[in-house]
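Q: Order-wise, the sequence lines are chains B and C. Letter by letter, the first sequence follows residues 9 to 148 in this note's numbering. Letter by letter, the second sequence follows residues 531 to 926 in this note's numbering.
The set of hints was computed from the structure by calculation and includes no laboratory data. Be a bit skeptical, because a hint or two may be false.
[Said to hold, decoys possible] Distance condition first, Cα-Cα at most 27 Å in a straight line; then the derived DSS-like pairs of lysine-lysine:
| no. | chain 1 | residue 1 | chain 2 | residue 2 |
| --- | --- | --- | --- | --- |
| 1 | C | K904 | C | K533 |
| 2 | B | K129 | C | K921 |
| 3 | C | K904 | B | K41 |
| 4 | C | K813 | B | K41 |
| 5 | C | K533 | B | K14 |
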Amino acid sequence: MLYSEKVLDHFSNPRNVGEIENADGIGEVGNAKCGDIMKMYIKVDNGIISDVKFKTFGCGAAVATSSMATELIKGKSIDDALKLTNKAVVEALDGLPAVKLHCSVLAEQAIKAALSDYYTKQGIDPLPIIGEIGECEHCH
Amino acid sequence: MDKRFIYADNAATTRVSNEVLNAMYPYFVTEYGNASSIYALGRNAKKAIELSREKVAKAIGAEPSEIYFTSCGSESDNWAIRGTCERLASKGKKHIVTSVFEHHAILHTCQAMEKLGYEVTYVPIDKNGFVSAEDVKNAIRDDTAIVSIMYANNEIGTIQPIEEIGKICREKGVVFHTDAVQAVGNVEIDVKAQNIDILSLSGHKIHAQKGIGAIYVKKGISLPNLIFGGAQERNKRPGTENVPAIVGLGTAIEIATSNISEKRDRVTVLRNRLIDGILQLPKTRLNGDRDKRLPGNCNISIEGVEGESLLLMLDINGICASSGSACTSGSLDPSHVLLALGLKHEVAHGSLRLSISDDTTSEDVDYILEVVPKVVKRLRDMSPLWERILKGESID
Chain B
9 MLYSEKVLDH FSNPRNVGEI ENADGIGEVG NAKCGDIMKM YIKVDNGIIS
59 DVKFKTFGCG AAVATSSMAT ELIKGKSIDD ALKLTNKAVV EALDGLPAVK
109 LHCSVLAEQA IKAALSDYYT KQGIDPLPII GEIGECEHCH
Chain C
531 MDKRFIYADN AATTRVSNEV LNAMYPYFVT EYGNASSIYA LGRNAKKAIE
581 LSREKVAKAI GAEPSEIYFT SCGSESDNWA IRGTCERLAS KGKKHIVTSV
631 FEHHAILHTC QAMEKLGYEV TYVPIDKNGF VSAEDVKNAI RDDTAIVSIM
681 YANNEIGTIQ PIEEIGKICR EKGVVFHTDA VQAVGNVEID VKAQNIDILS
731 LSGHKIHAQK GIGAIYVKKG ISLPNLIFGG AQERNKRPGT ENVPAIVGLG
781 TAIEIATSNI SEKRDRVTVL RNRLIDGILQ LPKTRLNGDR DKRLPGNCNI
831 SIEGVEGESL LLMLDINGIC ASSGSACTSG SLDPSHVLLA LGLKHEVAHG
881 SLRLSISDDT TSEDVDYILE VVPKVVKRLR DMSPLWERIL KGESID
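Could you build all of it, start to finish, from the sequences and the hints given here?
A: So this is what it looks like as structure tokens:
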């Protein structure tokens, strides 16, 4: 199993680790049984994701994709964050081993789950905006 | 604390020792003849092979004529199962008894035999990591061709009741094979006293190189070939002999079995310090019985962390270790051994195997015990699962 330097960097020095008190949205995806859980906290100001933090239980790729995903959406608009694909996360990390691609899917889903929670808290139905988040194919 | 380099994955492979390397060296550069050749250079190679065969035989209480060199432990395992099944097929023996926690060289061979119409009984292990001889006895049928139970498990290190199982198989007239790849050099093996019919062993677990193994086949049992070709190994295992590797295996096994009890006592003290040290962390458990285990094996589940992350963090700190996590195996499920012990998936994902050797020092153990708690704390601090475990929430 070969990880890129970027993956190892984001694993050993993960960005935006932690929690946000009174977060505007919290999303959690994955499950313990399959070995990956990602929990993402976001703060939203005027449609901009002003802060984002994560906690992850999982392999090196799970930590690195969480870290990279938070970097890619921090300071961006909700619209931009919703456009973030797992592919973009993988590219930003200079690739992932094939068996680890599901971790990038989890990262994308974690962001969507956090935004979905944000909309729900705003009293807005998230479904038409975000759509079905779906289950990780790896786990199910 | 200065960063050190510590190799604590000796159950995966070992460093080739200087004695072994020195013994091998001439067979690369001066005594490089083909052992089948008639001239002195070839005869010298042949002599070296036969001397190694004697050493391997002596190490396990066998006769030299009962030893064949192979390319690895996996080949020996394959040959034991497939060869025995083929040999006894005409007698209508279409059943294999093995255990749920064998090495994949056995399990996958058994699965291949199932596709050929064989039935396989996989006896369970108990919560301490032992196969019960009684279960083996009850599993044996009139059409059982072979019983294959590993001597010591590669992940959790538990040492199986081999002598008892050997006795049962002998009484029942069933061929008994044991994969002793992890056991050789750690426990005293006597194939005659223990009623072992076929035994697999490997060089690279005992400070010889990778790519050399051997099989002991009791006199009177003629295993059909796995591969065909020249007359090497008395026609039983064709292919030009890997003379340097065979010399290395002979040297390594002689050293490994010359001072087993002294080495075991010394390594066990270090191993117990590792176990006790890591078990001080909350929500940890030792996998496999504490006493009847290989001297160098420490396998602990650490809840709330995932194994691959743990290994990467340890690697950053210069420690080489292993895990039963799914993420390190490339499959979806965590270790079949840990699941067979009854561990939940999420606990099995967080397992750490440290396997030390006679090369390991007390300072190495000090260092590991400094690093592991720090790394575990760091990973737990960022783990949403650990959060839930602390709150006592259900994690299913």
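Q: Next step is simple, just say for each hint if it's right about the structure.
A: Right, here's what the structure says about each hint:
no. : hint               : result
1   : C:K904 with C:K533 : holds (13 Å)
2   : B:K129 with C:K921 : holds (25 Å)
3   : C:K904 with B:K41  : holds (25 Å)
4   : C:K813 with B:K41  : holds (17 Å)
5   : C:K533 with B:K14  : holds (22 Å)
When each numbered hint is compared with the structure, no violation occurs for any of them.
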